[in-house]
Each structure stands twice: as structure tokens, then as C-alpha cells.
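K.L.:
Given chain A, put chain B in place with the hints provided.
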Amino acid sequence: MNFELKWALIILFVILLSFFVPFTLLTNLATWNGSFLFWILMTIVVIVSNYYFTKDWGK
Amino acid sequence: MVWLGIAIYIIIAIVVAFLSRSGKQTTMESYFLGDRKLGGFVSALSYSATTYSAFMLVGLAGLTYAGGVGALGFELIYLMGVSLVAFFGPRFWFAGKKYGYVTPYEMLGDRYQSKSVSVIIAFASCIFLIPYSAVQLSGIGYLLVGMTDGGITYTTGVLIATILAIIFSYVAGIRSVAWTDSLQALFMIITATTVVLIIVYRLGGFAGFFGTLESEMPDLLTVPGNGYFNIWTFLGLTIPWFFFSISNPQVSQRMFMPNSLGGLRKMIMGFMFFGFIYTLVAVIWGFSSAIAFPGLETADLATPTLLASDLVPPVLALIVMIGIMAAAISTIDSILLTLSSVFARDVFGNVSKGSNDKLQLLVGKIVIPVIAVLAYLFAQMEMNLIAVLSVASSAGLLVTVPALFGTFFWKRGTATGVNASVIVTGLLVIYIELSGNKPFGIASGIWAITLSTIIFIIVSLMTKAPKEKANEFLSSINSEMKSVYKNR
Chain A
1 MNFELKWALI ILFVILLSFF VPFTLLTNLA TWNGSFLFWI LMTIVVIVSN
51 YYFTKDWGK
Chain B
1001 MVWLGIAIYI IIAIVVAFLS RSGKQTTMES YFLGDRKLGG FVSALSYSAT
1051 TYSAFMLVGL AGLTYAGGVG ALGFELIYLM GVSLVAFFGP RFWFAGKKYG
1101 YVTPYEMLGD RYQSKSVSVI IAFASCIFLI PYSAVQLSGI GYLLVGMTDG
1151 GITYTTGVLI ATILAIIFSY VAGIRSVAWT DSLQALFMII TATTVVLIIV
1201 YRLGGFAGFF GTLESEMPDL LTVPGNGYFN IWTFLGLTIP WFFFSISNPQ
1251 VSQRMFMPNS LGGLRKMIMG FMFFGFIYTL VAVIWGFSSA IAFPGLETAD
1301 LATPTLLASD LVPPVLALIV MIGIMAAAIS TIDSILLTLS SVFARDVFGN
1351 VSKGSNDKLQ LLVGKIVIPV IAVLAYLFAQ MEMNLIAVLS VASSAGLLVT
1401 VPALFGTFFW KRGTATGVNA SVIVTGLLVI YIELSGNKPF GIASGIWAIT
1451 LSTIIFIIVS LMTKAPKEKA NEFLSSINSE MKSVYKNR
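Each protein sequence line maps, in turn, to chains A and B. Mapped onto our numbering, the consecutive letters of the first sequence carry residue numbers 1 to 59. Mapped onto our numbering, the consecutive letters of the second sequence carry residue numbers 1001 to 1488.
Isolated chain A, as found in the complex (with noise of 0.2 Å):
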């Protein structure tokens, strides 16, 4: 598959769990360690994915 599709897949797929999981499976957890540290979780891994991704810029 096309390097860039294939990274833009994961992205979207965590950025859909993003939208999904909190309004979900955490409604109920009111807790540090529900939605507010599932969404800090998901951004790091948008973050490193990105860094992964852009490694290969201006070589």
C-alpha cells in the first residue's frame, strides 16, 4: 500500500477512537484515568506516529 495512505489510515483510526471510546465505553468513569487520560494517550500516539512518518523529510 501507499506509504502516505497507510499513515494516514492509523491516523484517522486513532482519531476516530478519539471521537468513539470517550462517548462510549468511559461514560461512566469518572476518574483521572477515564476520557482524560485516554485522550492524552491517543495524542501521543498522533504524535509519534507523525514523527515516524516525517522521518524521511529533506534527506
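No wet-lab data here; the hints were simulated from the structure. Worth double-checking, as some hints may not be accurate.
[Said to hold, decoys possible] Sample of chain B residues facing chain A (criterion: CB under 7 Å; computed from the structure):
1) Glu1214
2) Ser1260
3) Leu1261
Every residue, glycine too, gets a C-beta built ideally from N, C-alpha and C.
P.N.:
For chain B alone, coordinates are given in the frame of chain A:
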């Protein structure tokens, strides 16, 4: 005391603005794009300062105060959306270098082979971005009033901000904007983080802080929680911001500026890191206010109240307050500069016969204060609900997103398709925002993105695409992209 602080800030910032001058800015490209030679570090900081305005520590903290953790999700999903720059950024950058584009709309006009595309989108962006700047100005007004108990009036605050924004854009164009931006961003991230750490410590450390939230206001830790962030409100806020990095010209124009692809990469990664920290700071800030001062009249007071309280050492409170003001100014000056380049290049450049680069630069410089005054007048209307209004303006700019996707990914896109989608959907967004009634209860941003996409596709399929240009443009960009990822 407050005046002294403001005076120190103004002096330092003006000195930095003048120091940033290097060489002569006698062309559009040098004045508005810094000759496409901006380093990665300055690009990243300036991108951060331009994106993050007074909204963060006032609006986002207020949203957290009112609706809880949903505010974090909203802002972090925006940040994830900046991944769009990883896909659009190099394409913008290559296209800008090859064809000499100064504004994103110049690129659209050329790619779709139609001056009307540039002119219409340029107008649309002014209609939506001038109110956005006004919202920033009024943010400063409210903040100064709140911090000084009315010692500085709303009008004075707004006036100071307007004048500074004009100065920073005038001294050396994008150079002075980028350097004052960078100063502001560094300053802000350090002081705001320090203050939040102090507040959390005073509210019982991490465990005590979340302990209080979990036991006394558990609603703030879930969505929909107290009902503020139901899924439709959440989508209505999130979707416009998700596309912010390509829909808003003051940031998309930045993709033309870095000195190399490596510089562009530093800009994205630096910004994401910055944004991540800053978002956490702003949200914890809002939570702190909810813990310490439940029951405020409006959520917009969350930050001023916290800053004026015993929880924050007075000197730090003053520094952060000035930092918030600087954050708003660093957003406004970039918008001023971008809109004036858009007006000069895309409106004046296309409408007037015999316009040249030099004349366009002159027009751009004349337009800067004109736009600033318009924003100032808008701010005098003292509008409430900072967050809602700035989202309304970014909802409006969503109408340009399908055209941008088409530019790089769809050969069949046509100028008529772009114009129809921008005009029809743009008017609909304005109608929804002005009348306040959302068709089927769905927010204007969601209407904007779906409707503009549908119209763009259908009208494009019915009209004739600029085949030759589309082929030439896409094959040249695609071959550049291929060489970037040649080892993959």
C-alpha cells in the same frame, strides 16, 4: 503595577520586532513569506503563537470549567488534526517554491485556472477572519477589566492591542511577526506551566487535585458529563477545528515559509509538542478554577478569577495576564498580515489591470491598518462567549477545505465547483450563525463541511476541469512527493 508590566512587555516586544529586520523587504515574497527562509525553530514557535490565542487560557479554560474533560478531547482532537500538515505541508511547500505562490488562494486560483476562485475565497476569508480577530481583541478587553477591577477599561485594552498588532506587522512584515511570536510563545509556555504547577500543588498535588474532582464534581471527568458536551455539541466544536490547519490562511500560509522540508518537519513536530503541553496546562487551569471557585456567573470568568486569587502569586499572575494579552496580539498580527497579503495578491492583483509585485506590496501595507480598525470596531460591540464565536469563524472557513483537497488529490475539480461550494455554503453558515437556528439541530460547521463537499463534487462533475493545468500540477507535485518517500 499592571501598567508597568504592560510597558515592559511593549518595550521588549518592540525591540525584538526591530531586531528582526534583516535585509530589505521590498517584494511580496520577502515581506509576507520571509523569502521562504524561516528556520524550523522559529517556524514552530511562531506557528504555535499564531494558532494559540487568548482562547486557550480564557476560552478553553472556560470550556473546561463549564463542561469538563470534553474540552480536553476537543482541543486534543484539533491537535491530532494538525497531522493534515504532514500531508498537505510538503505539497504546499513544493507548489509554493515551484510556482511562486504567496497566498494559499493564489494557489487555488492558479490550480483551478480562474481568478474568480482567488477573489471569492479571499473575500470569504475576510468575512470570517475579521470577526475572529475582533474576538481576540475583546478577549484582551475583558481580561484587563477583570484583572484590574475596571482600572483599565475595556476600550483602552482593545485599543492597546490593536495598535501593537499593527506595529508588529508593520516593522518587518512576517519577520517581525515571527520573532515577536516566538518570544511570546516561549514566554507563555514557561510561565503558564509554572503557574499551573503551583496551583495544582496548592490544591493538594496531583492526587488531591483529582481526588477533589472525582469526589465533588465527577461530572467534569466524563463526556457528556453534566450535559454540556453532548455528542452533537462536541462534533460541532471539533470538526471546524480539526481542519483549522488547512482552512485558516494565517496558518496554511505558513506551509510556504520554512527554509527546507526539514524545517517544515521541525515546524510540525515542534508545534505538536508545544500544543500538547499547552493544552494540558489550559485544561488543568480550567479544572483548578472549578475546584477553587465553583458557581461563577459565567465560565469566561474562570481564568480572571483564578489569576486574581491567592492561589497564584501576584507577580506571576501579572506575567501570565500580560502573556495572555501577548498571545492574542500574536494571533491578530498574523491574521492582519495574511489578510492584507490575500487582499493585495488575490483581490487587488486580480482585479486591477497593470498591478505588479511592488504595487501589491504597497496595497498590502495600506490594508494592514484598515483591517485592524475594522476588527477594533467589531470588538467594540462587546460580544460574549469567546469560544462560540471563534468557532463560528472557523466553521465558515471550512468551506474552503474541499477545494484544497481537490487541488492536490482530484483532477476533476473545477473552478465553478469551488465557487459554488464556497458561496452557497458560506452564505448558509452566515445565516445559521446570525439567526441562531440550526437546521435539524446540527451545528454550522458540520453543515459547512458536508454541504461544501457535496456541492464541490457535483458541480465539478457537471463542468469542465482545467485538464492541462491539473495534469501538469499534480504530476509535478506527485513526483516531488515520490522522491521524498523514495526509500519506502
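K.L.:
Could you run down the list of hints and mark each one as holding or not?
P.N.:
Right, here's what the structure says about each hint:
1. Annotation: B:Glu1214 was flagged as interfacial toward chain A, and the flag holds, the nearest CB pair being 5 Å apart, inside 7 Å.
2. Using the Cβ-Cβ criterion of 7 Å, the hint placing B:Ser1260 at the interface with chain A is satisfied: the shortest such distance is roughly 5 Å.
3. Because the smallest distance between the Cβ of B:Leu1261 and any Cβ of chain A comes to about 4 Å, under 7 Å, the interface hint for this residue holds.
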